[in-house]
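*Asks:* Sequence lines, in order, name chains A and B. Everything in the first sequence is counted per full-length UniProt numbering, starting at 1 for the first residue and increasing by one. Everything in the second sequence is counted per full-length UniProt numbering, starting at 1 for the first residue and increasing by one.
Since the hints were made in silico from the structure, they are not lab data. Incorrect hints may have been included.
The list treats identical chains as one, so a pair stands whether inside a single copy or across any two.
No farther apart than 27 Å at their CA atoms in a straight line, the calculated lysine-lysine pairs in the BS3-like style are these [claimed, not checked]: (1) 69 x 640; (2) 36 x 82; (3) 652 x 125; (4) 69 x 652.
Number of protein chains: 2
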Amino acid sequence: MAATVNPDLKKERENSSFDPNKITSFLYGGPEIVKKKRELESLALNDPDYQHEDLNFMSQEQQYETFLKKTLLMVTKVRELKIDVADRHFYRSAVIGTNPDPLGLHVGMFLPTLYGQASQEQKDKWLKMAENFAIIGTYAQTEMGHGTFLRGLETTATYDPKTQEFILNTPNLTASKWWPGGLGKTSNYCVLMAQLYIHGKSYGPHPFMVQIRSLQDHKPLPGVTVGDIGPKFGYDSIDNGFLALNNVRIPRENMLMKHSKVAPDGTYVKPPSSKLAYGTMVFVRATIVNDSATALAIATTIAIRYSCVRRQSEMRPGHPEPQVLDYVTQQYKLFPYLAAAYAFWLTGQTMMSVYTTSSSQISKGDISVLPELHALSAGLKALSSWVANVGMEECRMACGGHGYSHASGLPRLYANMTPGATYEGENTVMMLQTARYLMKSYNQSLQGEKLAGSVAYLSGVQPVPAAGRTRNMLDLGVLCDAYRHRAARLVHEAAVQLRNERQAGKDQPDAWNAASVDLVKAAMAHSQYFVVKNFAERLTDSTLDSSISDVLTRLCQLHALHGLVTNSGDFLEDGYLTGTDVRQARRHINALMAKLRPDAVALVDAFDFPDGILNSVLGRYDGNVYEHLLEWAKASPLNKTDVHQSYHKYLKPFLEDNRAKL
Amino acid sequence: MAATVNPDLKKERENSSFDPNKITSFLYGGPEIVKKKRELESLALNDPDYQHEDLNFMSQEQQYETFLKKTLLMVTKVRELKIDVADRHFYRSAVIGTNPDPLGLHVGMFLPTLYGQASQEQKDKWLKMAENFAIIGTYAQTEMGHGTFLRGLETTATYDPKTQEFILNTPNLTASKWWPGGLGKTSNYCVLMAQLYIHGKSYGPHPFMVQIRSLQDHKPLPGVTVGDIGPKFGYDSIDNGFLALNNVRIPRENMLMKHSKVAPDGTYVKPPSSKLAYGTMVFVRATIVNDSATALAIATTIAIRYSCVRRQSEMRPGHPEPQVLDYVTQQYKLFPYLAAAYAFWLTGQTMMSVYTTSSSQISKGDISVLPELHALSAGLKALSSWVANVGMEECRMACGGHGYSHASGLPRLYANMTPGATYEGENTVMMLQTARYLMKSYNQSLQGEKLAGSVAYLSGVQPVPAAGRTRNMLDLGVLCDAYRHRAARLVHEAAVQLRNERQAGKDQPDAWNAASVDLVKAAMAHSQYFVVKNFAERLTDSTLDSSISDVLTRLCQLHALHGLVTNSGDFLEDGYLTGTDVRQARRHINALMAKLRPDAVALVDAFDFPDGILNSVLGRYDGNVYEHLLEWAKASPLNKTDVHQSYHKYLKPFLEDNRAKL
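One chain only, chain A, in its complex shape (with noise of 0.2 Å):
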């Protein structure tokens, strides 16, 4: 059968305003880059080394063992392929898509432990063989017990001078390191975080070098329990483990010890700074503003196609079923989440771009930009997060009963991607940093100090309302200036709600708690506001062709006045808004989907997700949905036999008994 395209795509795409290609260079840097990245993507997706049956037809196991073997394969063509360290991310997304794999901590936080925090003797001594996978390790930080709060981790590693040695213990059950990504299965070495503790004191979480299973026989060594922690919601591809130690004795140059150091005599030596760690968070917590981006982009991709595809009901007697994509409603759904898609990529690569000019003002000793941006950084990445849940679920209900199925794909982006709202820093806890870092700065500028930086706004606050002028509100101007008001003035109650609480008797923690609504409040005000602000100021890159800055202007107009209309409350409490301000926000999103109808798929197409990352039937670029949902279906476990098996066990002779007895 030819693949033909769906006329419904088809048309689509000859209708829409402009080349899509233009907007993927805007996203991904440049049309040099693009061509890498569909260069390697098709090296990836075209390699049979890579094919398997469905993982959706795989037992939690069989999927575990697939992607094992995907990822020590992938790590070997790496290597033989000789691609560029920049480069490579394409193409390992081309192999594993959204899922996380075995590998996945190894190169993403183990290696990385051991370049920021071992000592140079500690990377002649490990690095090599870690860079080339001779061991491969993990970093065991979160406990069954504690996850975000580091310091109440109950590991300990116990210094004893006599022989120089770090003795390791899981005291109590809680201890049991739970949840590290390939501890259960795959490695034999970790980082582990435990508390320090020398002659009866203890000097708070430090990283120690682990070995934990054989090299000769992968059995895990003496004192050392470790397993799977069972399956999981979504990351069925990947062992996370647990591990309990039972004195287990390491060498004391087995501390990383490139910040704080322990002397063999026990001496402790502290690091310079406390809030080094703030600059891997910052990386960590990007990547996770760009995660949210990809998963609403593959997201809406997969359901603005179908939502071409699909045609349904009777707009108008007579008439053919309209595309669903023209109900309005529809639009509604999905039009705000393709522009957060956008607004997210955008902040991501914003914030990339500030941790590397501030990575290079750190290592000259300059850490003052740090707690402004670690701040930041934790509500960005709550923001980001919490919508891409919400957005990605909105996408699924928006295909119907099809979106249900694993066949559409957007159960698993779900089940896989959902964690970003959770890890590195529950999204809550995450906000209220932000929150405290704002109270913070906002009671320098009651001092009389001047704020610089993404808080420089709080500075002189003023809570009266700029009431009864008329506003254009698709001026993005307009909607910054609005944004940046309901964040002072959230920022300016949540002070306020917060020194009440300390008026009326309660002492700092208690106020704290009792503000703690107010202050995440406060602190997604702000986040939002940034996002907005960075996307109006991308906008005004000279060098973009006018007519994607035409229809980008559309979609950051749509996130602005969607956030408005969705938080009116925030705007209209103190008068600043006026109701008419949001009626008329109202129609202009109207009028703005309007617009951005006949470009949806051109601007999905633009995120440049090839079908063999979407692993999408209802998301196929051809169109060809239901074919191909019929032959999904065909090749599942169930229809290997036109008789299951369980007929003959169990339906034949309840059947035949009740005919029997009839």
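Since chain A is already given, all that's left is putting chain B on it; use the hints.
*Replies:* Just chain B, lined up with the frame of chain A:
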């Protein structure tokens, strides 16, 4: 190990202000029913015949087999135990939990359709077989290309007067039946919905009794292609199926002829009313409202108990880590959904009782109440299932990382319950049905007609707000008034919007589409008003013990206030509420949460779900979470051996090769 209760949970139960059994009685309809419920649940949960490995450790195919086996056993046991029809659901839910079962459609749709739509002769012919499970049927309506829009169904039943048969056909791919539960592998019969054609003329969808598999060997009959549609997000325990028919002939007598009829010569007799099917729909939607309440009740039970067991972070330096539920942000995540669970529980009860009352009216030929009931039930189904979806996920994420493990029970709960937003009428379509009735009623009231029932408040709408006065935002009367005003205003605004679109030159279908976002908003406000009002009305029950009416009142206030601050723009936009009112509302929420905090565990205990139904390590009644988390993990498939087989297959050669190259 003695089953001691976790001390934190024990203390929670000791400190609650009321006896949870009193609320259990209130929720289930009296102590006798609760007694019966507990007896039947315990009978099922202690029956060794129903025991099996954890479902989360099984492949989808194994889960289907397990449920087929269990369900057939249940049919036999229910018969042997002579369990009353009215009580069977207690026994059933203990056997299957929140999982669908392969006979679910036989009992829930196939039999009821025969009761409701078969003529007496047809009942005589099929009912005995069906009731005694000598045949197993399903209800085949949804097609690959059409779901909610029934008139779009493409399967044809063409009458052949020569042979007095219907010829059934699946004229194209999208006409394949798709999704019916139990269709793939289990059923040998189905009620097929097909477009009736007589002498080339179409008469719309009608139900036909069709045998699809042989009663001898279960093979598909000639002309029948049938199979499973493949794995889904959830519903692993059931074989949702597809079905294509190729010139399958059935006798004329197989059209279900209680309402419409086809005479031997092809003469068509119309049904007395097209609205008769509304009754069943109301019933099914009330069931979904109940399901939504159950889903939220289970999710909050798990999350609230776990939040009392889990201790985390340092609120106050040097003090023990607090229970997670002591964080106000955690309360703000969970308590509104606890309140919503109660709100929807009571909404479902009211709907069922209205359905019962109206059924007897309908059976007397009075169908006047049906359109209103139908419209109201559509909105309530959509509202409750949407809130349940968001709430289940909020509860899961409130359990942090462990919520993501299948050990928590929450991912499976979500995956099994989320289809409620899609099946039996996609939610947005449902809201627009409600909106259509609201517009009709609103226009009638403009023409001076007096409205009754749930829309009576639309008569004489006064869109002018009552501003300027101070209100007690805790007063349920004030809150109901505010919800009523908002609903009336949004209905008015949607009507204005619709009129404006018409006046701007759009025809009715285009105007309706253009106003549809506002129409959904109005229908949502109408539905929310009903839920709040119904909750408040149920509290006026004079038989309520004061200890429980106090706590239920707090839940009702919280439910109303939370909806108000979440949608504060709706109340502020026309000045009906002031910024001060909304700020008051937020303060009241904080105070209510503090008052509910000591009763939270008792309030979820009152839902009375045994551990065997919760299926959650985190939500266990005894709170012994961590021990069982480890025990559960150790039993999972990847831990059958210390060194997984994949090591020998893939990891060993990879590591050895890399080591050799060092």
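*Asks:* Against this structure, judge whether each hint is valid.
*Replies:* For each hint, the structure was consulted:
| no. | hint | verdict |
| --- | --- | --- |
| 1 | 69 x 640 | both (25 Å within a copy, 20 Å between copies) |
| 2 | 36 x 82 | within (14 Å within a copy, 70 Å between copies) |
| 3 | 652 x 125 | between (66 Å within a copy, 22 Å between copies) |
| 4 | 69 x 652 | between (41 Å within a copy, 11 Å between copies) |
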